[in-house]
Structures are given as C-alpha cells and as structure tokens.
Amino acid sequence: MAIVQAKSTRYRVWATHLGLLCFIALILFPLLMVISISFREGNFATGSLLPENPSLEHWSLALGIPYTNEDGSVSQPPFPVLLWLWNSVKIAVISSVLILLLSTTSAYAFARLRFGGKPTLLKSMLIFQMFPPVLSLVAIYALFDQLGQYVSWLGINSHGAVIVASLGGMALHIWTIKGYFETIDRSLEEAAIVDGATTWQAFFYILLPLSVPILAVVFILAFITSITEYPMASVLLLDVDQLTLAVGAQQYLYEQNYLWGDFAAAAVLSGLPITLVFLYCQKWLVGGLTSGGVKG
Amino acid sequence: MSSYVLTVSDKRMRMPSFATSLKLTAALAVNLMALYLVVVLYAQQKIAFALLVLLVVSSASYVFFSKRAYAHRYVYPAVAGMGIFVIFPLLYTVGIGFTNYSASNLLDLERVQQYHLSQSYTLDGGRYPFKLYSAQDRYRLQLQQPGEGYLVSQPFALTDAEVEKTLELHESNAAVGGEALKIRDVIKLKKPLQSLVLSLPDGGQLRMSGLREFAARAPVYTLEADGSLRDNRSGERLTINHEKGFYQRADGELLSPGFVVTIGADNFLRVLTDDSIRGPFLQIFLWTLAFSAGTVLFTMGVGLLLANLLQWDRIGGKAVYRTLLILPYAVPAFISILVFKGLFNQNFGEINLVLQGLFGLRPDWFSEPAMARSMILIVNTWLGYPYMMLLCMGLLQSIPQDLYEASAMDGAGPLDNLFRITLPLIIKPLTPLLIATFAFNFNNFVLISLLTGGAPDIIGASTPAGTTDLLVSYTYRIAFQDSGQDFGLAAAIATMIFLLVGGMALLKLRLSKMEV
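Just so you know, the sequences run in chain order A and B.
The letter at position 77 of the first sequence is residue 77 when you use this note's numbering, and the numbering goes up by one with no holes.
The letter at position 460 of the second sequence is residue 1460 when you use this note's numbering, and the numbering goes up by one with no holes.
If you anchor each label on the Cβ, the simulated ranges turn out as follows:
(1) A:K123 with B:L1396: 21 to 31 Å
(2) B:I1087 with A:N69: 52 to 62 Å
(3) A:N53 with B:G1502: 53 to 63 Å
(4) A:K123 with B:A1043: 33 to 43 Å
Straight-line distance between alpha carbons at most 20 Å, and here's what the computed PhoX-like set of lysine-lysine pairs gives:
(5) B:K1165 with B:K1191
(6) A:K118 with B:K1067
(7) A:K283 with B:K1318
(8) B:K1131 with B:K1182
(9) B:K1188 with B:K1165
(10) B:K1131 with B:K1165
No wet-lab data here; the hints were simulated from the structure.
Predicted, not measured: the structure shown is a model, and the values here were computed from it.
No residue lacks a Cβ here, since even glycine has one placed at the ideal position from N, Cα and C.
Between the sequences and the hints, there should be enough to build the whole structure, so can you do that?
Laid out in structure tokens, this is it:
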C-alpha cells in the first residue's frame, strides 16, 4: 500500500470501477446478444436483449429434434450439430492423448538426457512451429491423398487424417513440459537409477507422477487447439457428416441461406462447454499459455 | 509407434530371447514393406514421397536399433511428426512453386496421354439409327442399315452394371415386329445402353452416339514412338511442349488438359512483373502489415491499460473482473468470429440496429473496404486483448512497488509512471511475445476466412483477391477457390511468406535468448 496518497483517490477508484463496468458491458454485448437471439422466433427477428416471445425453436433444432411451429408445419434441423460436436470431441480427445504421450517422452529426453544435436533440434522445432499450416495445405492435401491410397483410414475425408496432421504441432507442448521437468530436482531419478532402475523406469515411475499438473495443462491446451483448428480440417474433410464443428458452423451463415437464429443456438450449445472448461482451468492455463504464446 | 513400445525393456536383454527375435522380425517386415512402397512410389514418379518414406523408415530403424541413439528414441516420434507434417509439406510447397501445377495442368504426362488416347470420334458414314423393342424384361435392338435392310440383335437383358457388354448383330431383311420404345423410355435406359458394344457381321464395332443412333467410333489419336500423338482425322502430328506442359498442334494451338512441368521461376516473376497480380499482391501485403501492427498496438494498448487498472490495490472484486475480462479468450474463436459476422450484418445485424437507433448510421461493414478493415480490427482487438492483459499482469507484478512510490513523492502522474517506469521495464521481456503475436496475426487465416472471406474484392485483379485478404487467405483462395486453383502461383507466394515468417522466427529467437 502506497504511503503517499492523492486526495482525489476515492473519486479515481469510483471512476475506475465505472470504466471497467462499461468496458465489460461492451465486451459482453456480443455474447449476451447471441444467447438472446437463440431464444427468438424465426431467423430474422429483431428485438431487445430480453426476447419478448421466447421460443425454444432454435434450441430444439440444434439438439436435432424437429420442431413443430404454431401453424402446424414442422421444421427439420438444418445441420447435424450434435454429430459435428461429437466429431470434434472425438478428434480432439484422440489427438490430445497422442500429443501428450509423444511430447512428454520427447520433453523428458530434452530435459534430462544428453544427445547429439539437442540445441539444434529444440531451436528448429520452435522456428518451424511458426510456419502456418495454411500455406502448405496443397502439399498436406497431396500427402494425405497419397497416404489414403495405402491406408484408407488416413485418407482424405477421414478423421484419422485430421488427427495425424495435428501431430505436427507438438513443439510448443514439448517446450512447456520440458520447462516443468527442469524445475523438478533430478536427484530423485538419480537415486532410482543408482538402485538399478532403467532410464525408462526412472522417467515412468518417478518423474511422471510428479508432473501430473503440467500434463493436465498440456492436455487441455492441445484439446482446445484441436477443437478450434479450422484450416486443415476444412481441406481434409469433405462430407457433411464428417465435418468438425469449426468447419461446419460457418454453413449457417451463407448469404443464400442465412440461419442466424439456428446458428445462435448451435453456437451457445457447442461453445458453452468449451468456454466453461477454459474458465475453470484458467489459473493453471495462464502460465502455460503465456510461456508459449500460442493463441494471438 | 509399435516399435516404440517395444523398446521399453531393451537394455537388459543380452541373449537373443523370444522378445528380441520377435522385435527383429517385426522390424524386418516393416522395412521390407517400406522398401516395396519406396519402389512403387518411385516407379509412379512420386519421387518426393518415395524419399519421405525412405528417410522416415531408415531413420526410425537406425534410432530404434542403435545403442548410441538411445536418447533419440524418446524424441523420434515428435521429430518425425514435425518432419512429416510440417517440414515435408513446407518443402513440397516450395517445390510446387516452381511448377505450373494448376487446374489446367493437374495430371502427369502419362495420365494426360491416357486421357487423349481415350478420346474417340464418329467415323463418316458409320451412323445407324436404332429402335429398341421390349418384350417382358428383355430387349431387342434394330439398326437401320445405310442402304436397305436391318441389323437386329437377339433378345438381351439390360442391367445397370457399368461393365461393357458385347452384343452380336446379324443382318435381316424383315423388321422386328411390335411397337418400338418411345424416346423417354430410351432416355431412362441411356446408362445401360451406353455400355453396349455392338459387333457387326463384318467385324466393325458400334457404340451409342446419341439417343437415336449407334455409330462406328475410332480413337482420335494414336501414340507415336517418340511420345507425340498423331491425329487420326487429319494425320497431323501433336508434339509435346515440355516448357508449357501441353500437347501442341503444328500451328501452336495447345491441347487441354495439360500436364505438370517445372517452369523455373516463372511464378515468382509473375508476382513481381504481372500488373494484375503485382498490384493486388502489394496492396494485400501492405494491409497484412498494417493489420498485424494494428492488432499488436490495439490489443497491447487495451491489455496494458486493463492490467494496470486491475493491478491497483484499491480496486475490489479483482477475481470477478478478471474472469469477465478474459471471457473473449475463453470462447472458441471460430464461434465468436461467426457471432460477429452475424452481428455486423448490414441489413439485420444487431450492431447496425443499435447504431441506427443511437446515431442514425448504417455503415456498410462488408461492402466498403475501409469499414470492412475497421470491423476486422475491432473484432481482432476483442479477440486478442485478454491474452495481452494476462501477459502484462504477469510482467507488472515483477516491477518493484517502491518505484511508483518514489515517483508519487516526486509528484508524477499516471502517464509519467507509464512511460518512464512501466513501459521501459516490461518492454524487453514483452518484445519476443509481441513478435510472436505479430507473426500469428500476419497469418491469421481463420479470422479473415470466417469473417469476410476477403470481401470486398479488389477490382482488376486476375486472381481471386480481396481488400481485406491477408497474404495467407489470398494464397488459400488462389489455390482452392473455384475461379483460382493455380497451385503453382499459390505455392510461389507461400514460399515468399515462408521467408518472411522465417525471418520473424529467427528475430524472435534471438530477442528472447532462449536457454536450450
């Protein structure tokens, strides 16, 4: 607490609160608006933040249940939102598990073992991670087209392709885990090795149980990155039933077929769980995020 | 992966045990399969893929069998993943940049040859009008001979299977009795009829050439020994133009489709010299720079201000403020971008409704370049400030409080504090992160692609190009949009971006002085 205080401090505190609240109101406006729109009737209705005639039409369609309108006609769900969500979650879980497995073992070697070319590998991984995959999409498409001729579940329009393609993005996770491993005293493992444990056992039975917090962070980060991945999935997946949420969601807002209300319900339905997970984990995530600088 | 799991218990095994021999057999099998694959790929002229398989499998074998490479076993999967899915596509893209790979030159020479050789034309005088008769589930064909008389077939069945079926015809002076099928019934049977090959008594063959006639058809081209084609209609020779990747007639006319050839630096020269590409390219490049710099500036400004306010110990309820303020960061970007796309809609978007109500304004967010660009910056600031705020909050905590007390004693205001104490102290650790943010936004494909798709378009551009396109989305559109599909040009531009990004990456690495 500062000892020297200006007389106007009290007013400045109030002004700050007021400013922050106004700013938050501005920031939250789009989010609140979408929730409100998801309860409005029809796709073109306008109105205030609190809908005058709340309707569950869009929510019912988003959940895949045909909705009977007041005039008796039945609207069918325009897109399989739940299927997309399931696709996204499936891809994200499998790829996060793979990323976690592979980047943990790599990070262990980078943190503990000595081998040739270590600094070069570490640095070049960081550099190559900055090249956006969007630019090599033609090559990535050709690669999976080729792969698909020998292994069908890795070809174009398969979830396997998207999962495997995500394995290119492990460098930042490796750095994060490596940083954490380096904070753990290595004398524990050394003691184990003196007692006859192999390097692998020292890693698996001593270091890993101590690193559960950072592994959780990396898992969640990889999960969120995978859920929100758009460019590669948009090129690798073709059929409506195969799409992930990130690729499918935009189909609601085509000029010719503008389903604003249906989109709002689908967006809230699918965005809310991810948002809540992120907020719940934020205090652990922040450290991992700021050290990596992944998301802009 | 499988060989990776097998290495778990390696060091302790001295004698060739059952496990070891199993491991050796599996590795041998994998290597043999890979070798076969390499040969097949090489035979198909897919040299890049053959090299990739060779490199991945041979390095895997070395790493998992050499005692000296024990530590490398741990990093191998990650490095291989990076090599296959980041570095290989990168190099492959650079390679495509030197070819004419595009919608008009999609296949290799062999497949283009096959395509041309499969073309056929109708021989003069070989047209036979036909009638189709049906009895129960079987059909009979009757063809009118050029002079007198008919050619008729035995009753046959028509199936939907797309296999060629040969049908013998024999001469007959009498017509088949009964009523012929109407044209709309023939249309229904078009598919199976097209797979029929009719063989004439004299050995000639006929195929369906229209809804009313069968005709004798012959291939248009014949392959010569030197790879050139002879046009059977005129006897003209079509030579291979290896520079442009087409078959070429004597008068210089090119025959589509073309094939992929290396054309050197032509794509790069097109970007630099062709006015209808250079103009849009430069415009997009400048906008990309402005967009990235603007994003860094705005998100940094808003983030630092909020971090400073939240840092102030007289403000209560910090945890609540913090949670609410990072909400934009927690919502998945692809959802919030689409939400903004809807809210900014010119006709029935809520933002224009509010602006109309308050100020009587209805800006054209999507059709006017300046407004579209402002909208993108607004949205991206909304998306990006929480990250900057979190960064700054972390850094501000490391500044000793007594510095501010000393400055308060000297009567300094908040601005003096900001410019004389805060900024100089945090700018150094912040710089590499700012560069990373700059580089990220330089390539912020998702934002542009979901929000505006590059619209409004640049007038006079020969490739798809928009005033809000970033270099990445521009490249993507050249490669994948229907009117573009010029993979070579897209790859050339991508190569240029690779150089820029590589420069930024090196700069970031140098400034952050990472310890390895």
